Amino acid sequence: MNIIVCIKQVPDTTEIKIDPVKGTLIREGVPSIMNPDDKGGLELALRLKDQFGANVTVVSMGPPQADVIMREAFAMGADRAILLSDRKFAGSDTLATSYALAGLCRSLDYDLIIAGRQAIDGDTAQVGPEMAEHLGLPQVSYVADAKLLPNGNLLVHKENEDSVQVLEVEGKCLLTVLASAFEARYMTVSGIVEAYNKEVEVWGADKIDYDETKLGLSGSPTKVFQSFPKAMKAPGEVHEVSEEEAVELIVNKLKEKHII
Amino acid sequence: MDFSYSKTEQLFLQMIRSFAENEVKPLAAEVDDQERFPIETVQKMGKLGIMGIPIPKQYGGQGGTVQMYIMAVEELSRVCATTGVIVSAHTSLCMAPILENGTEEQKMKYLPKLASGEWIGAFGLTEPNAGTDAAMQQTTAVDAGDKWILNGTKIFITNASYANVFIVMAMTDKSKGTKGISAFIVEKGMKGFSIGKKELKMGIRGSATCELIFENCEVPKENLLGPLGKGFTIAMKTLDGGRIGIASQALGIAQGAMDETVKYTKERKQFGKAIAQFQNTQFQMADLKTKVEAARLLVRSAAWKKDMGLPYSPDAAMAKLFAAETAMEVTTKAVQFHGGYGYTREYPVERMMRDAKITEIYEGTSEVQRMVIAAQLFKK
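Heads up: the protein sequence lines correspond to chains A and B, in order.
Each residue of the first sequence is one higher than the last, beginning at 8 in our numbering.
Each residue of the second sequence is one higher than the last, beginning at 11 in our numbering.
No wet-lab data here; the hints were simulated from the structure.
All values derive from a computational prediction rather than experimental measurement.
Heads up, a few of these hints could be off.
To be verified - For the chain B half of the interface with chain A, some residues (derived, Cβ under 10 angstroms), not all of them:
(1) Tyr-15
(2) Ser-16
(3) Leu-21
(4) Lys-54
(5) Lys-67
(6) Gly-239
C-beta: ideal position from N, C-alpha, C; glycine also.
Whole structure, please, built from the sequences with the hints as guidance.
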């Protein structure tokens, strides 16, 4: 089985700063990580590889510094890494990005494409589903579980807001997965030692079939009207306790935080 | 000159830090409180390759560097010094002497299982009457034709009750002094070999520190490690390497106490403001931070020399001396910054203070490190 996993390098922060003029993310000075849902997608691919044997190729579109997440993918167990990197892709919105990534996938032999549900920097959840449209593939989004059946089909759990749909998918398809459902493995020490001895293939636009008008800025119909960070609120804790216990619990919490 | 972490080291740091944070830190208080050897952590580390970082691939290791290994000990010790010393003793004191002195057969027999974490390693030099004066070995090994017969007792042996392989020093010819000491590879379960009492300790309470008892213990002839009479040299060289590991453990403890204190002093309010805003806090913490960074450079420099195959004995001694004393100072002050809370087990700094003390004692006391450094300084 050949599996393609789409991964993206994102800034590791919840306090995203936005350029007030361009309306785009300021990436300088913010540590970068592999997008959590994408890492969950890689984990699913590696679990399928562990169980049934598979060739796992990670693909990404981004600037050259995205190299580090490709190395991380190697250290986790990916077999091949391709980074789409070309000035022609600059300014891509989700449509142009999915178009370019779909073009890359067409150049590869694959049975399954896995993407993360969404990236923590844009939160659009569009690139995976759009790729499926470009490629004419069936897609299942919000995947919380996926098993390979003896008949070669995939049995997929799709997590909806208030229900879980269990679907059997035939043939090539694209899944977008939830990080919470696939706790990613650690990189191994030997994987890390080898990660920089392997080749991350850097592909320019010339390596894929494309229509110039669908790439980069010109292929991006989305206009960002305004970007602003949402006010952050600390997540609350839910405790199911009696009234008396609740008083004690609250007092203890306040003491813990040195408020009282 | 490049002081930065290489790309590989950065990737490794990312992995080991998240492993320490997610798998080791949550157990640290319990491991200390229950004096429990964290065997489940050792198994996880084995699977990820953390138990065999600097061992070449041909012997089942990960083919990593000494630098990576000491980074692992630092990051583990930052959250749990017990876990740090388990890896350090296993790697530096058991696998390293086999790798550096073993025959091809010995390496093939022991290293793959040790490097994968299937087996745990230990080292036996210290005896009731041979501590800093390690040459006073009373354990004996007698040539009985097809085997060696060992008699004697070793004490304070890290990992002992969980270890499968022990590097043991014993006197093979008393008349020759230190040149009559030889090294042996002893396996758990060998006839006449047993584990004695477990020590109840002040710190690193989860590490299994026990006696080793040899009563007409039968060790196969081929388990002599290195040449006959070279045991003392092997032990001293092993300890040179081990000291880089313990220096890293001390560094990790110091860094962990710094982390906790920065967090606490920013939260804790007295006289209407966070105590981190007081200049006394800032100046003291600035001094401690400077010492921690100085210790890190000493440790990395000693590890770099070992990686490069350069002599590193005084470097390891300086790294251990300085890092251990820094750990003791930082943790003691960390408790002070935490005030009454710091003295309770609600916060980890009291444990870190108890853990720090041993780094000034084992694998050569701070006094021994000064002897090593001075001996080099006044040579010729």
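Output the indices of the hints that this structure fails to meet, ascending.
Hints 1 and 6 are the ones this structure does not satisfy, whereas the remaining hints hold.
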